[in-house]
Amino acid sequence: MDRHAPSRALLGTQLFAQVENTRVLMVGAGGIGCELLKNLAMLGFGHIELVDLDTIDVTNLNRQFLFQRQHVSQSKAHVARESALRFNRNITIISHHGNIKDPQFDLAWFKSFNLVFNALDNLDARRHVNLMCVAGKVPLIDAGTAGYSGQSTIIQPGVTECYDCHPKPTPKTFPVCTIRSTPSAPIHCIVWAKNFMFPQLFGEDEDEGDANLVNDTTNAKQVQELVREAQALRELKRSAGLPGFAERVFVKIYRHDIERLLSMEGLWQMRQKPVPLDVEALVAAANELRDPLADETAHCRVRTIEETTKVFLQSTAALAKRYAASGPQSFDKDDDAAMAFVSAAANLRCHVYHIALKSFFEIKSMAGNIVPIVATTNGVVAGLMVLHALQVLEGRVLETTTDLLTAPPAAQHLVSRPNQVLARDKLFPPVSSCAVCARAYVQVAVDTASTTLGDLLEAIVDAFSVLPVDNVTVLEGARMLYDPDFDDNLGRTLADLNVPSHHAFLLVDAYDQDDQLVQPLSVYIQKSGKKGVEILGNVPQLWTKPAPPKVQDAPIAGGDELDDEVVMAVDDDDEDIIMTESSAAGNETGHVGRTRR
Amino acid sequence: MAPDHKTQKYDRQLRLWHAHGQAALEKAHVCLVNGTATGTEALKNLVLPGVGAFTVIDAAKVSPDDVGNNFFVTRAHLGQPRAKVVTALLQELNDDVLGHYIDDDITPFVAAHPRYFDRFSLVLVTGHVPAAALLALDRVCWPRGIPLLVVKTCGFVSTLRVVTRAHHVVESHPDTPVRDLRLADPFPELVAFVDTFKPFDDMTSAELTHVPYPVILLRLWREWRANHQDTPARGVPQSDTAVASAAASAADMENWDEALKQAFLAYTPTSVPRNVQDVLEHAILDVVANADAADEHAPVTNNSVVANPVANVTAGCAWPPTFWALCAGLKSFVAEHGRLPVRGSVPDMKADTATYVSLQRVYRDKAAADAADLHARVRAIAVPVVTTSTPTTSSVSLSRSSSVGPSPATSPGMAAVDAAPTTAPALQIEAATNIDLATVTEFARHAATLHVLSTPSLHDEYARAHPEWTRALSDDPGMLSIYVVLRAREVFYARQRRWPGAHAADSDVDTARLRSAARDVVKALVMGGGNALVIEAAEGGADAHGEAGIATPVAPAVDVDDWVQECVRAGPAELAAVAGYMGGVIAQEAIKLITAQYVPMMNTYVYDGIHSKSEVLKA
Ligand SMILES: [Zn+2]
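Keeping their order, the protein sequence lines are chains Z and A. Everything in the first sequence is counted per this note's numbering, starting at 4 for the first residue and increasing by one. Everything in the second sequence is counted per this note's numbering, starting at 4 for the first residue and increasing by one.
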């Protein structure tokens, strides 16, 4: 029996042969991933590799249908593979339980695929896959969903826009003072509880934690107070796990800290003053109560202050005990104690500041930054991804690529919106200023132990006649390795320089003899045992053009402005809102301080 | 301390449709006709989020093609009843869902057991179903107000037709949030609140920075109107200028900038939106308002106007069947006040906390007063609300007890079907006086975004002429040609008793026949009578109509011919990716219909998977 008869009949012999012989990579085996793997396997894609670092969680089961209750906490990639093979044994599926950014998934590996699917909800990983695909010239189908909305886009390197061609919306930011001293909305108190109080009490000890506050020169006294406040908290933390700890924290943050803030008259001229909690009365009242969390139906209503106090004391004690027993904790919206702590701590603070209280359910949404996800949208999007893949295999991304600028191609970017089934946007050519698309990419194999930076540079300058050796700059990420005024490293081996560090591209920027700007080049270093430098594949032709009149240091200017602010790096699915320094958000490595559960 | 397993498992979707949407979904019983690849994909997307129950009606046996494109059958099931196999595998996805099946063909089944459909909240038809059977299903579902979703697929193309007599949406989740500040026609409490502020000229610059923009706008607009008696509409730019010049003198511009941006609010009177007017003008409201309590036990089954829209209200069940009583109350409210109840929410704005909280209180109190007013009206109507006596819940429990019944071996499924007490959609009367304030308040909050939507019946679509398409049919049919060809397949079937492209050997003959059928369909779309085309032929069973219908008033454009060839080439096969895509779309619309949240797609959705194009055709 030919199980692929329907596919063969509908796709035609030629296209089906392509489907059977094509090597595809799918990154992510979550909601979209499960749907996609099913579609690829049913259609008869002959060779599929999938990568996912996650394990299965119970909240996945309402949509990730390749997983069942007995699979909870197993590897998504492996279980998805087994489930898919059960209904089609005629194909090859290779699963990798790991991070797509791991060194083993290098450029050569990416280039071994004909087609890559991004089924990720995570900005950082999506950008990484995008970069590798553009560097390796591998077509990428990128997709995402939120609620009833979703989209699937074809990224054909060099021909269409890439994922990075348009900057992603900037994360919402809050001034530190708003969070630490003068909250005026529930989200301020939630961020305080989750991103400040939780790590201070149960996370790692960090001495540099206050460094970013010093930048805030608008109110030196206030900053001083905040630093003192944090120190006092660290003192207190030493008694974590001992009896009375929760009560001591309660008294400190809802009475003493508030009283100290009240002493700063200037803060309250235009604001309503906070009112410290009547801590003794509340603790006494709370002790009379039974566990308020036992009644889950109350998750959707706002609990009383006494109940909230009870939840606070209970969860603080539980988390402190865990901290004492097993070390620093990190916030996880699915960790009941952590979520109980954040909801109670935030609501008590709202009460102190006369801000409307929120229900447990609402706070979980805001703290976990939980994007609604439903099975239906994943189904729509994964279906689109495969149909888009067929268009890529048939070479129908664009009917003609030459007159791209004058005649925009047929649109293939699709959106499913709440009140509209499907909309299409046009596919546009790459944005000329895109940091990913504007570069040329070349892959070189070197023996890093014996090759010096000088050897490498010589080989590159030889290969690219347009590059003048005396006007070239070489960077790895933000690290300067060479420029005409800094040649100290030329004699050192790459191994000695720790090049390549993780998936680093050497960035070669240059001006030619006529002071024309030369297309920036990224050199991906593939370690090899063979002596010498070997350029793999075709040497791309670099364009040159008149240099722009003045190059501004734009990123630095942008960074300064945000320096004293807290950035909420809004992510997706399994990643959390992070309070981090804004300067990290703009550079190539993406978010510093990212946490994963 | 752990939340119950459902809250945990459904966490992500509860964020979208909330507990009451989930409750509606869990009460729903969905019927799938034919366990095709597309059908099982759609059902999978309803089973995973926890639909209450489903029933698959299908007489097919698992074929090699099913194994090739349907995820919910395996090679080991070849030759077994498809209804049974897919039910078992779909059931495995979610323990909370009850799966049933009936191993019978839809054509005889719907003819013999029309009342069996009373239990369903929604009926979904997939696969290659003769049009005669579709129209028979329409005759059953339409008067009962049960939404009918008809999916036709051929190779890379597919259409989804939603048939619903009346569907109401309370929570329509508009793309742009509703702003309801009543600045153009402020209520007295709001005016009083604005008057508590000092004149702007007496404020320090620090004080000026903390005046919320509604206060700025309301005051400036009133001052401006005091000095300009002429028509307010022409005063618009001046009003902006007034704000701008006042803003220029303020120290911190933020709240004044907001005022400038929102200035249009000051001279845009609050009106009752079109969608709400449609609801308030709906015929059912007259019936509700004029119903006589003495008629309580009168036979109302004749009164189809009453029966059907209301039956549909209970079908989704996200909102209580008291929906129309609430609307009647709202109609009375609007008649007296000339406006909708105040929504009560205030958007974020620049203001100090204390002022913002007081402003919030002003709107909240007004919203509460309006809700109380509406509540009194709803109760005072004291007119019975009409509702069907077949709540979906009892249907679910019925099928629970019969779930082991349908045995494929002897008289397939019939014993259980007949045993199930089929309750007629008889109507019962329920007083509106027990609608609580919380329900009224929630309803009032959504008053501006109410929708009542309806589509023509399937019979109407097939029988009547479509002058709105005449031009497109001769000029540029575009995606309408896909619709035409899928209709033509049904005509082909009625004449040949098989589907085009089933045998590769006949492909040239099939192409000619399908082309001729397409011409007949085009003619019927212009002249009407398309229903006869599929029914009559089915009864006559002759090919006589073949070339006879050539005399069409318009020449079908080239597009139709292209799709005729594609359809014959594709034959009856389904492609997994198209099934996956359509399965998602179908389930998405089904959930919108079941939960009565979001505005669903109405009429016919056409998808072209070759060019990744789609369109909604409105007939
Ligand atoms: Zn780009």
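No lab work stands behind these hints, which were simulated from the structure alone. Don't take each hint at face value.
[Said to hold, decoys possible] Calculated pairs, BS3-like style, for lysine-lysine (alpha carbon to alpha carbon, straight line, at most 27 angstroms):
{"hint": "1", "chain 1": "A", "residue 1": "201", "chain 2": "A", "residue 2": "353"}
{"hint": "2", "chain 1": "A", "residue 1": "369", "chain 2": "A", "residue 2": "353"}
{"hint": "3", "chain 1": "A", "residue 1": "264", "chain 2": "A", "residue 2": "353"}
{"hint": "4", "chain 1": "Z", "residue 1": "171", "chain 2": "A", "residue 2": "264"}
{"hint": "5", "chain 1": "Z", "residue 1": "324", "chain 2": "Z", "residue 2": "240"}
{"hint": "6", "chain 1": "A", "residue 1": "353", "chain 2": "Z", "residue 2": "276"}
{"hint": "7", "chain 1": "Z", "residue 1": "240", "chain 2": "Z", "residue 2": "255"}
{"hint": "8", "chain 1": "Z", "residue 1": "276", "chain 2": "A", "residue 2": "201"}
{"hint": "9", "chain 1": "Z", "residue 1": "534", "chain 2": "Z", "residue 2": "114"}
Hints, one by one, checked against the model:
no. : hint             : verdict
1   : A:201 with A:353 : holds (18 angstroms)
2   : A:369 with A:353 : holds (22 angstroms)
3   : A:264 with A:353 : holds (13 angstroms)
4   : Z:171 with A:264 : holds (25 angstroms)
5   : Z:324 with Z:240 : holds (11 angstroms)
6   : A:353 with Z:276 : holds (18 angstroms)
7   : Z:240 with Z:255 : holds (12 angstroms)
8   : Z:276 with A:201 : holds (22 angstroms)
9   : Z:534 with Z:114 : holds (23 angstroms)
When each numbered hint is compared with the structure, no violation occurs for any of them.
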